[in-house]
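Chemist: All chains should be built: construct the whole structure from the sequences, respecting the hints.
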Amino acid sequence: MKSVSVRLGLWAERIFAAFLFAMGGVLAVYGWDYGLGEMNDIGPGAFPLGLGLVLMALALRCAYEATPEDSAERDLSALLFMVPGIVLWALLIDWAGLVAATAVLVLFCIPAEAKLRPLGALVLAVLLCLAGWLVFIEGFNLPLTLFGAR
Amino acid sequence: MSVFHDLAMGFGIALQPTAILICFAGVLLGTFVGVLPGIGALAAISLCLPLTYYMLPVHGLILLAGIFYGAQYGSSTAAILLNIPGTPSAAATCLDGFPLSKKGRAGQALFVVTLASFFGGCVAIILLIVFAPPLARFALSFGAPEYFAVMLLGLIAASTASSGSAAKGLAMVVLGLGLGMVGTDVTSGTYRFTLGMVELTDGINLVALAMGLFGIAEVLTNLASSESAAPPARSFRLREMLPTRREAKDSVRPAIRGSLIGSAVGALPGTGPAIAAFLAYAIEKRVSRHPERFGTGVFEGIAAPEAANNASVQAAFIPTLCIGIPGDAVMAFMLGAMIIHGIVPGPQLISEQPEMFWGLVSSFWVGNVLLLLITLPLIGFWVRILSIPRQYLYPTILFLICVGVYSVNNNVFDVFVAVAFGLLGFVMNSLRYPVAPVLLGYILGPLIEENFRRTLFISNGDVTAFASSPVSIIFLALSVLALVWPLYSHRRALRRARSAEV
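Protein chains in written order, with full-length UniProt numbering: chain A, 1 to 150; chain B, 1 to 502.
Bear in mind the hints are in silico, worked out from the structure with no lab data behind them.
There could be a bad hint or two in this list.
Counterexamples of contact, computed for chain B against chain A with all Cβ distances above 12 Å [unchecked claim]:
| hint | residue |
| --- | --- |
| 1 | Val3 |
| 2 | Ala8 |
| 3 | Pro57 |
| 4 | Leu82 |
| 5 | Leu135 |
| 6 | Ser159 |
| 7 | Arg237 |
| 8 | Thr244 |
| 9 | Arg245 |
| 10 | Leu260 |
| 11 | Ile283 |
| 12 | Arg286 |
| 13 | Phe381 |
| 14 | Pro389 |
| 15 | Arg432 |
| 16 | Ala467 |
Computed beta-carbon distance windows for the label pairs [as the list claims (entries may be wrong)]:
| hint | chain 1 | residue 1 | chain 2 | residue 2 | range |
| --- | --- | --- | --- | --- | --- |
| 17 | B | Gly164 | A | Arg7 | 18 to 24 Å |
| 18 | A | Trp95 | B | Ala420 | 31 to 37 Å |
| 19 | A | Glu65 | B | Thr187 | 34 to 40 Å |
| 20 | B | Met197 | A | Leu134 | 31 to 37 Å |
| 21 | B | Arg245 | A | Ile137 | 16 to 22 Å |
Glycine residues also receive a C-beta, built at the ideal position from the N, C-alpha and C atoms.
Modeler: As structure tokens, then:
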């Protein structure tokens with residue numbers, strides 16, 4: 001699998017600072033909406049409002065402090081495949097069971113990790129299912145099923 | 001009741017076969033994750049939290065604590081053999097550990113750091129036993145303003161004490177506080193930031209948040225960075241690890257100093273084993289007659305930081321257990337674990353649940369002895385762990401995270417939450433935003449808000465109530481200092497850099 005490299009430079013710093021600013025805005029706006037109360041009976045929105053304003057100010061400071069030297073090269077192939085693998089594990093676990101969900105998770109790790117070959121992945125998936133069955137289903141009695149029929 | 005009576009009761013719990021077995025599992029897993037670079041103790045602790053639901057609370061805490069201090073023992077192995085710190089706290093050990101390895105003294109270095117870690121742990125446990133009960137009695141006088149001030153100091157110190165930008169650290173702690181607001185407001189019953197989702201009415205799941213930020217994010221970050229896999233390291237036999245008399249003598253005083261520094265630093269809010277280790281290293285270099293030899297491979301340079309980092313993790317339990325206020329992210333997670341188990345950490349813990357407190361403290365002795373037994377004789381095994389292929393390790397970790405998060409509430413929503421925080425943690429790691437303050441803020445958020453509102457309620461809205469006692473004044477002053485000092489030093493460093501350019 002060819003790597004998908006991205007240089008996270010000043011633009012990434014600024015975008016993340018903007019994300020933090022937006023999060024601060026959400027805290028402040030919703031906080032205002034929940035009600036501020038009185039000084040001797042603080043409402044549920046006062047603390048979030050205060051936090052939101054502080055977060056917005058800190059986000060601006062982070063954006064101001066960002067320098068081009070902060071940039072870092074990142075290979076995103078792990079992110080592009082492993083994250084969908086976990087999401088699919090979650091979607092499959094209830095109705096398809098541990099075996100199918102784990103097989104899909106390990107399958108999605110193949111393009112994310114160059115050294116993981118299909119045969120190795122198959123062996124790993126079998127071992128994980130076996131360990132999962134022994135430890136979690138038999139050992140801890142977790143309400144998981146091997147093949148989905150609960 | 002005397003301390004000896006309490007300890008006897010504690011050992012009665014810690015020496016039960018089940019407790020020993022659980023402690024052994026904890027320190028073994030801790031050493032494992034400590035040896036492996038890239039997987040932190042917090043990821044392993046959050047992975048194991050769901051398992052503790054099936055145990056007695058004291059056994060659950062023994063397991064989680066064992067992972068934490070076990071990781072400190074294990075982290076020096078990769079630091080000495082490969083110049084890669086297994087955890088951030090072992091970074092100081094790299095400075096002289098790897099040069100010692102290059103000199104052919106790796107076996108002796110591993111021997112010394114194991115004994116230094118053991119010694120540091122023992123010193124801190126003794127201090128915990130001596131100081132915890134009086135501190136808890138003192139903390140009984142704390143009211144809402146004092147709790148608010150202590151928590152404020154912990155949050156500010158944790159975000160500004162770490163390396164890097166203070167603004168980034170503070171932003172992360174505030175983000176964590178905001179995440180702690182999600183759920184039902186305990187005072188008014190208002191649903192806050194739940195986005196209409198029933199799953200969020202009890203707040204964001206602690207395990208999902210921690211596994212996302214520290215488990216998924218670490219796997220993604222390790223795979224995304226260009227660092228290659230660790231090269232193979234050679235194994236040792238116990239006989240060839242024994243240091244010479246001179247090397248042993250050189251290590252004794254640094255280990256004593258490191259233990260005391262680590263114990264003092266560990267008990268402070270906002271610190272952690274990494275700060276303790278670097279401080280011990282810096283002080284050791286300063287008191288040495290030959291500071292120029294530091295960095296070239298001297299035993300003083302590994303004994304002091306290793307004793308300090310292990311002492312600090314044991315001492316970190318002092319504020320967490322006695323006041324109910326964690327000093328760092330791992331302790332915050334331990335606090336969350338206690339609350340999940342129905343234990344209320346704080347001044348009453350020692351008097352109301354003495355079996356819990358003394359059982360846990362006694363298990364530290366058991367754990368440290370077990371670590372001594374499994375670290376040195378099994379050094380060959382730990383060295384081999386370093387060569388586990390990451391292509392099998394990371395999918396296994398992801399599998400364990402998925403099952404662990406799912407098992408907490410048996411719903412997939414928490415897995416999606418973990419994925420979201422995994423992505424957030426990946427971006428934060430990539431842009432050098434510290435992740436730990438988010439967890440600390442998330443756990444302390446509801447507590448600090450509660451004490452903030454209670455202070456104003458009791459004082460009928462008088463804001464001067466926050467500085468109504470000497471304790472709260474001292475902690476508020478320290479908070480201001482912790483906030484201002486990094487900004488001042490950052491500005492001074494910038495000014496120096498500019499004048500150097502001119």
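Chemist: I'd like to know which numbered hints this structure contradicts. Please list them from smallest to largest.
Modeler: Hints 6, 14, 15, 18 and 21 not satisfied by this model.
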